[in-house]
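**Q** Sequence:
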Amino acid sequence: MPDDCTPWVLGGVWPAELDHLTADTVPLAEYLRRDLQRIADSANHKLRVLNETVMPPHARAAEQNRVVDAARAFAVQRVASTLRQLSQQNDADTQVLPQLDPPTLAFAAPIMPAEPEETPAETVEQRLRRMVDSLARQEPGLRWAVGVRADGSTVVVTDLAQGWVPPGIVLPAGTVTPSPAQRAAGLRGLLADTETSARYNPGDPFERGRPAEPDHPPGAVEAPAVESLGRQLCEATRSRDGLPRLTHTLAEAAVAGTGVAEAELDVLRVHLDTARYQLLARYPATDSALLLNCLLLAATTALAAGDHTVANYHFAWFHELTGNHPPGP
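Just so we're aligned: the sequence shown equals residues 199 to 527 in this note's numbering.
Bear in mind the hints are in silico, worked out from the structure with no lab data behind them.
Virtual Cβ for every residue (Gly too), placed ideally from N, Cα, C.
There may be inaccurate statements among the hints.
[To be verified] Now the in silico label distances, taken between C-beta atoms and shown as ranges:
1. E228 - A390: 46 to 54 Å
2. V211 - H243: 34 to 42 Å
3. A390 - G210: 45 to 53 Å
Turn these sequences into a full structure, and let the hints steer you where they fit.
**A** As structure tokens, this is what we get:
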């Protein structure tokens, strides 16, 4: 595959709604065009790294296809977000309801439930493998590990940034994350306090097993409570290089309780998704400035959406990685 995958990533994704621009849609189109190009540029950077990495040809080809597929999926998601915002701008004066067909009543013979089959108990190793697979399926480009501590708790780690779990990852039920701290790099150091663990490296096959338990709530992110979280977040986002101005605007609105428009929150999510994608495209290398901006975007997005726990988690990591430890409440 060539270094430039732009045609494969962006081909055919541009929306027809933005082919004929108006004064209202020009800013949306320009912003979308810039974001799509950033997505393609990040994918091209990842491909160049793969081409310079010593690895079997079949593994390189599989990873190249994964990079391109992930970039195209994100480009499609970015276009869909713009179309939602465009739809919200075009408020119709009247709403035409579709004609509904008259209801049809149907009666079916009762079905007797079958006797449930007894499921064998899951071993600790099988449980950990199922959990690490569920994480890897969400972001297969990262190294993941799940381990059991001496106190019986189950911890999720990735070596992206000393244990920080990026936004958008749904943790397996019954798991927690390590608190923000400067730790030894690599999964070995992150798993130092665990007794049993399961790991995943990019390219590892997924094992067939039980599906995740949908009836159980997801795991929880953990971090010490940050005192005056809203005030500190507003200060951190006020004039940071590379951070969209909307971040500070919505941080202030969330703290003041004046309300955040869904369209603005959707744009902020797009900023976060773009930063997250660019950060993961550089993995295993880490761009410190991009990482810190991603943390602030994640914290602000969560706070604006009313999720104080997640906002505290990402901002506590920002404090830790910038050398400012968040005080307790």
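**Q** A separate judgement is required for each hint: does it hold in the structure or not?
**A** How the hints compare with the structure:
1. Against the hinted window of 46 to 54 Å, the Cβ-Cβ separation of E228 and A390 comes to about 48 Å, which satisfies the hint.
2. Distance hint check: the CB atoms of V211 and H243 are about 19 Å apart, inconsistent with the given range 34 to 42 Å.
3. About 48 Å separates the C-beta atoms of A390 and G210, a value consistent with the hinted range of 45 to 53 Å.
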